[in-house]
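Undergrad: With the sequences and hints as input, model every part of the structure.
Everything in the sequence shown is counted per the numbering used here, starting at 554 for the first residue and increasing by one.
Hints were generated in silico from the structure; no laboratory data involved.
C-beta: ideal position from N, C-alpha, C; glycine also.
Calculated pairs, BS3-like style, for lysine-lysine (alpha carbon to alpha carbon, straight line, at most 30 Å):
(1) Lys-938 / Lys-829
(2) Lys-803 / Lys-865
(3) Lys-829 / Lys-865
(4) Lys-1010 / Lys-938
(5) Lys-853 / Lys-865
(6) Lys-803 / Lys-829
Estimated spans, in silico, between C-beta atoms of each pair:
(7) His-674 / Ile-936: 45 to 51 Å
(8) Pro-727 / Ser-755: 26 to 32 Å
(9) Gly-678 / His-790: 47 to 53 Å
(10) Gly-673 / Ile-761: 24 to 30 Å
(11) Arg-1013 / Ser-754: 35 to 41 Å
(12) Glu-852 / Gly-673: 19 to 25 Å
(13) Trp-798 / Gly-707: 25 to 31 Å
(14) Glu-656 / Lys-865: 35 to 41 Å
(15) Leu-699 / Arg-749: 35 to 41 Å
(16) Glu-852 / Pro-727: 21 to 27 Å
(17) Thr-764 / Asp-955: 23 to 29 Å
(18) His-674 / Asp-955: 55 to 61 Å
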Amino acid sequence: MDQHVMPEPAIPPPPALPDDGAAGLLAAWLRRLEQLAQIRLRQALGDAAQDGSPVLPEMPDADDGSPFATFLASRPMDEVETVLLTITLAPHVRPDFFDRAVEACHGQGRDIALFGGVRGHQHRGVLPTGDTALFLLAGLDLDARLHWQTRLLGGLPIFADGILRLESPPPGEPPMSGRLLIDPDIAQLILTGQARPPRLSSDFPAEILDTVLAWDALVLPTQTRTRIDELRAWVEHGHTLMEDWGMRGKLRPGCRALFFGPPGTGKTLTATLLGKTVGRPVFRIDLSMVVSKYIGETEKNLARVFDRAERKNWILFFDEADALFGKRAQVRDARDRYANQEVSYLLQRIEAFDGLAILASNLSNNVDSAFSRRFEHLVHFPIPKARERLELWRRMLPEVVDVEPGFDLADLANQHELSGGAIANAVRHACLMALARGESTLRRHDAEESIRREFAKENRLQ
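TA: Now the structure itself:
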């Protein structure tokens, strides 16, 4: 056999497509995968001859309107990539798929090390690993196995594009023993036809931000607006600058911004509106939760967020980033050591992130120059001045609400220093008090009581 030409895997031709609705094309590929598994298992058990150079059949050319067919049409794949995709989808639709494949040739309860696979924590069936893919693609042919191992470790477009990934195994175990996984967003799209954003969980410590508001909802000082406009310019034109104008390689990738100022001054809303402007999702990561709750798991979980964000062009908004600005903790125990490692890892990933990363801090005057140099944009969100507070009161009040005669909102704004978020809360409470009385009038008593409530939250005396 020519040592420079690797044999293609023996993938049987697909059976005829069933007329069974949305699962038609996927069902055909699952049956094709089942046949391939039976062939490889019979070869491994000595029930069939090894064929080192079979010819791959043509991929089925069918569009049955299913989400699977739609995905394949949007992203053409060769036979091997489609088989790999089907391998990762099989446990999602048939939990016992690989168990039944082994049982059909080897008996119930038997195990074949060559077949690979692991058991999940809650999933009771076999989950495919890199070894599973190697076995199905190459059987026992060592040359073919080495060839496909190289391709599976990053040489195939389906991995480079982030559709599939090979999970890192525990230390000391062969790389192909890691689970072969499909991007969960793509799995959901293929199986349901709907693309939903990932949800906050222990494995994914981020949540999507959204708003019905527009830029005119922000009342900010001129200097802050100028800095935001500069950042908007990068969001809207950064790709042109880096790619079309040839600045990639001359500038570090991505863009980093620090939003700092007291709570309730518009940091989160600004980040959300930046994403809304360009139609890009904004995901919020609460760093206080990440470092405290997921101690020891932070690097893995944050890596998952960063990797998906780079592939999907998300904007990342890191809230409660104050912990990053202080001194590293004195190492007294394993928890301190982990915390320091996680801070270092996070800063490294933020600096290398090829996208927009925004960090938000409530500390107005505790950002040293060494840390600030890490950012291309520094945006200060101060407590609004009296004129800005008056504008916020006026904008927040519903159009149907009248102000009590003799009650001057300008006096209220001058007397009480509140953030925009606190003013919104005060308006909400005062309006509810009016509704409870069956009227639509903002009364001074309600407004002042609502303000006292906000001061109490902040432990401020009034």
